[in-house]
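2 protein chains.
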Amino acid sequence: MMRTFGLGLFALALVSPLYSFAQEVGRPQYSIDMSYPYDYSSIPVYSQAHEAIYKHIDDNLPAHVSNLQRWLRQPSISAQDVGIDAMAQMLVDDFRAMGFQEAELVPTDGHPGVWGYLDSGAAKTLMVYMMYDVQPVNPEDWQSPPFAAELVDHATGKVIMARGATNQKGPQRAFLNALESILAVEGKLPVNLMITAEGEEELGSPHYPQIVDKYEDRLLTADGVIFPMNMQSPAGDLNLFLGVKGIAYWELEARGGSWGGPVTSEIHGSYKAALDSPVWRLIQALASLTSPDGNTALVPGFYDGIRGPTEEEQSLIAASLLNNDSTSALQEAFAIERWIDDAGPQQRVMELTYSPTLNIDGIYAGYTGEGVKTILPHTATAKMDSRLPVGIDPEEHMDKIRAYLDANGYSDIVMRRLSSYPAAQTSIQTPLVQAALGVSKKYAGTPAVNPRIAGSAPFYQFTQRLKLPMMPWGMGFGNGAHSPNEIMLIEPAKDSGAAGLADIEKAYVDFVYALSGE
Amino acid sequence: MMRTFGLGLFALALVSPLYSFAQEVGRPQYSIDMSYPYDYSSIPVYSQAHEAIYKHIDDNLPAHVSNLQRWLRQPSISAQDVGIDAMAQMLVDDFRAMGFQEAELVPTDGHPGVWGYLDSGAAKTLMVYMMYDVQPVNPEDWQSPPFAAELVDHATGKVIMARGATNQKGPQRAFLNALESILAVEGKLPVNLMITAEGEEELGSPHYPQIVDKYEDRLLTADGVIFPMNMQSPAGDLNLFLGVKGIAYWELEARGGSWGGPVTSEIHGSYKAALDSPVWRLIQALASLTSPDGNTALVPGFYDGIRGPTEEEQSLIAASLLNNDSTSALQEAFAIERWIDDAGPQQRVMELTYSPTLNIDGIYAGYTGEGVKTILPHTATAKMDSRLPVGIDPEEHMDKIRAYLDANGYSDIVMRRLSSYPAAQTSIQTPLVQAALGVSKKYAGTPAVNPRIAGSAPFYQFTQRLKLPMMPWGMGFGNGAHSPNEIMLIEPAKDSGAAGLADIEKAYVDFVYALSGE
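These protein sequence lines map, in sequence, to chains A and B. At position 503 of the first sequence the residue is numbered 503 (the UniProt record's numbering), and the sequence of numbers has no breaks. At position 94 of the second sequence the residue is numbered 94 (the UniProt record's numbering), and the sequence of numbers has no breaks.
Note that these hints are calculated values from the structure, not bench results. Be a bit skeptical, because a hint or two may be false.
Note: identical chains are not told apart, hence a pair may lie in one copy or across any two.
[What the hints assert, rightly or not] Derived DMTMM-like pairs (lysine to aspartate or glutamate); straight-line CA-CA distance at most 25 Å:
(1) 214 with 119
(2) 400 with 293
(3) 373 with 253
(4) 373 with 202
(5) 400 with 304
(6) 373 with 396
(7) 400 with 94
(8) 467 with 85
(9) 467 with 253
(10) 373 with 109
(11) 467 with 495
(12) 373 with 395
(13) 467 with 94
(14) 373 with 393
(15) 55 with 253
(16) 188 with 518
(17) 373 with 399
(18) 373 with 332
(19) 55 with 406
(20) 55 with 33
(21) 55 with 213
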């Protein structure tokens, strides 16, 4: 029956979810039909072999490694504006050297973007999303200097260690290496190429829409978007996802004022006897938002609008659950003894995929050091976020929370909205994903494909604004994004199943050919 | 009628307080009879003049200032163990130089105490409590180096600027200067003297009881305890108090465990969909402790045992309220727009004096920096304190909070008890206080006497353990305890009404004579 998906007709069809209410209040719970797991055998393994190109990659591997090092040795820390302009220019120069007809900086209200276009006279056009910025570093925490990009020995094999090695310069430059080898051997690519690169991904992509603005008419003509990424485990397992949740991120701040409390500064703690406390006010306001277990929001309309599991999503989740429990690794890593409501694997996955969350990322007020200090703080702040499934608009979501606080008498509590964007979803039936999966099977066996991860990324810009299928994809293994000692595996050890740089590039070669249909 | 207090019979008599319940739950509210304000005219101004001793002080003032500087130039930071032993030895040496029969270090499990005894063959014995330690410093924040103890010009006159200038080396050494002048002129003091000094006051006096242990039999024979202190405002107003609230200080920590949540470390915030949050758990547990306005505790028995206003206390509060509203300065300094329940001055004073508080001194969990970081923290901590009126035992108080958390299913939340001691109260009718008030009227006019401040100090050690009247007392002005640029006024400007060093010392001279009855 699942083969009817091949027609693409049911991919986004709404089904009537089977849902019950968690506890006395309304957190919807979805269950799925396990009878129709997605049939990965229906996807043929990509069978063509581009031997001349593969040989060019193998023969030029030292130069390809040097390309990664050249990118990685150029710092580009967006938060500190370190090396940003030089890095952006390096992309422009590389695009020009590859023969792009268009390669230019794109001014924004923040760090510049980069636009590249390579017309191959092909029928299909691939859009590539890139980020050229990286997270800050504390060099003293690194085994090898973060911008030295040295090759070092690691449990998984020979790796390149640098800030940006895997997030995201390494796989992105590997993708360009692959294209260079195609161009060197064949003279042209089998697809036209549009690249948009931004220098503010680590800042939440505040000005990426301005880059899209400038090229929107042309981007709308593309056939799909790829974000080059090392997606294998050290053992070689490939875990893919076709969607992300949206996010709303805000701060709530209680501060002394006309309702009570000290206004200008903290006061001696003994005055609590006659003075209201902004900390208690924040705590009582926060407590009013959830059920006593902190897991179900009491905000009216909080769970309205969720688009429940489609047949396609049900089939992917069923296949995934039959294959393995993706949450069991988490359970081990974080010594988790109990999931919410003692949920089993299916309920866990459904909550992660379909439940809007109400999370406190941080809270602070008053004295937070060691020992005893007695003050009545004049301000208290909570940092909060909601991960939003398909169907919930992030601004409307925050409006509901604001309205609920107001209705409960907390209109003095300030809500500062820091970030928001909606969910994004791509269908497994799109040619982009089918091409990637066929190549995936060649290099990594049958992948695990999650319809949507619990985390967020602003992929709505592709799926909603440009109506393009989009996925992060690539062979290879990396680790340490946002941490010291970030690495990308270049030459796997004998017992490591993940691809090395040569196979990563060969898979990218195969992918553009698979997408082209040639 | 208030003169019946002269008999001391009603001083600690319980009265039936007129109390109502705040809101729907039980915060008792006390009101008082304003008809019998304390009659300060009943206290005669101290009329003796010890001219020869006063002249000795005036003639030796430069040497007396040097004594303060000698103490202040010796750092004695208890938290960092800087200069502690040298400072303790300086006290021993000074006591010996003054002719004390006993002067010795007192080993404790922490910093050493100092014991001094000077037998004058007198009928009465004065106990003096001293602290020789000081708070840490950030020298770069100081206008004059914190251990230079320079004389500098200030709005109030010539001041000595140093860590410990007013808290508490300055007034303590001034007290010893006064005694040296008596000894120089008269050859002996009119009272016997017992001094206990500790080097851990700024750490919460954890080992002071060990000092008392060693001399308890002898301390029990004293007639009262004084803590030398600069208690005037720059204008010269003298604000005294005869008691302090007790305190219980603890931390509550929620941490992932068998109830749920990540156990070993923070986890990606998106997993909130399937995982409990220790931050929400702490917030819901905290919220369960109070009424929605955060001002009334719901813990059973929280308000039981309060010893309401005695007749003496009512008379002191009535006099104080008729004279001025001591909370109005606070209202201005902290821009307070509203007191709890829109309380007027009387209710404010009654809450500050008689209500046990439930205050959050600080709270922290997760990410507390700028901008967006999305984590589900594995731990959350609140730092809390209760200021406890006479009648509430701090350990029993914390037991009740613990039991309430347990009864509400929060037995996993850790309660770390950091500090506790009960309230202390001395009667205005005691000879110690009457002596101090008579001298106060000579130097500063009629003082304002608060029966008890809202803050805490471990004075129970004197009032409960040794059954001695105790009060902090002295002329003079100081500022900046626990802050940069701590000062003690030495030579007042023409328009400053506060006493300078010479008058501070003369008042201490008068006080010991007044207490002796000679």
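Cross-check of the supplied hints:
Taking the closest pair of Cα atoms, residue 214 and residue 119 come within 25 Å of each other only inside a single copy of the chain (18 Å); across copies the shortest separation is 93 Å, beyond that limit. Taking CA atoms no more than 25 Å apart as the test, residue 400 paired with residue 293 passes in both settings, with 21 Å inside one copy and 23 Å between copies. Taking the shortest Cα distances, residue 373 and residue 253 sit within 25 Å of each other both inside one copy (22 Å) and across copies (17 Å). When the C-alpha separation of residue 373 and residue 202 is checked against a cutoff of 25 Å, the pair qualifies only between copies, where the shortest distance is 11 Å, while the shortest distance within a copy is 37 Å.
Taking the shortest alpha-carbon separations for residue 400 and residue 304, only the intra-copy value of 11 Å comes in at or below 25 Å, while the best inter-copy value is 42 Å. Proximity of residue 373 and residue 396 under a CA criterion of 25 Å is satisfied inter-copy only: 22 Å between copies versus 41 Å inside one chain copy. Proximity of residue 400 and residue 94 under a CA criterion of 25 Å is satisfied in neither setting, with 47 Å inside one chain copy and 70 Å between copies. Proximity of residue 467 and residue 85 under a CA criterion of 25 Å is satisfied in neither setting, with 31 Å inside one chain copy and 75 Å between copies.
Within a single copy, residue 467 and residue 253 get their C-alpha atoms no closer than 38 Å, and across copies no closer than 47 Å, so neither meets the 25 Å cut-off. Taking CA atoms no more than 25 Å apart as the test, residue 373 paired with residue 109 passes between copies only; the shortest distance there is 23 Å, against 44 Å inside one copy. In the homo-oligomer, the alpha carbons of residue 467 and residue 495 never lie at most 25 Å apart, since the shortest distance is 41 Å inside one protomer and 78 Å across protomers. Taking CA atoms no more than 25 Å apart as the test, residue 373 paired with residue 395 passes between copies only; the shortest distance there is 19 Å, against 39 Å inside one copy.
Neither within a single protomer nor between protomers do residue 467 and residue 94 lie at most 25 Å apart by alpha-carbon distance, with minima of 29 Å and 86 Å respectively. In this assembly of identical chains, residue 373 and residue 393 lie within 25 Å of each other by CA distance solely across copies; the values are 21 Å between and 43 Å within a copy. Taking identical chains as interchangeable, the C-alpha atoms of residue 55 and residue 253 are never at most 25 Å apart, the minima being 60 Å within one chain and 60 Å between chains. For the identical chains of this complex, residue 188 and residue 518 are intra-copy neighbours only, at 13 Å inside a copy versus 112 Å across copies, given an alpha-carbon limit of 25 Å.
In this assembly of identical chains, the alpha carbons of residue 373 and residue 399 lie at most 25 Å apart only when taken from different copies (21 Å versus 37 Å within one copy). With identical chains, the CA atoms of residue 373 and residue 332 are at most 25 Å apart between copies only, with a shortest distance of 24 Å across copies and 38 Å within one. Taking the shortest Cα distances, residue 55 and residue 406 never come within 25 Å of each other, neither inside one copy (66 Å) nor across copies (69 Å). Proximity of residue 55 and residue 33 under a CA criterion of 25 Å is satisfied in neither setting, with 47 Å inside one chain copy and 100 Å between copies.
For the identical chains of this complex, residue 55 and residue 213 are neighbours neither inside a copy (40 Å) nor across copies (88 Å), given an alpha-carbon limit of 25 Å.
In summary, the structure is inconsistent with hints 7, 8, 9, 11, 13, 15, 19, 20 and 21 from the numbered list given earlier, while agreeing with the others.
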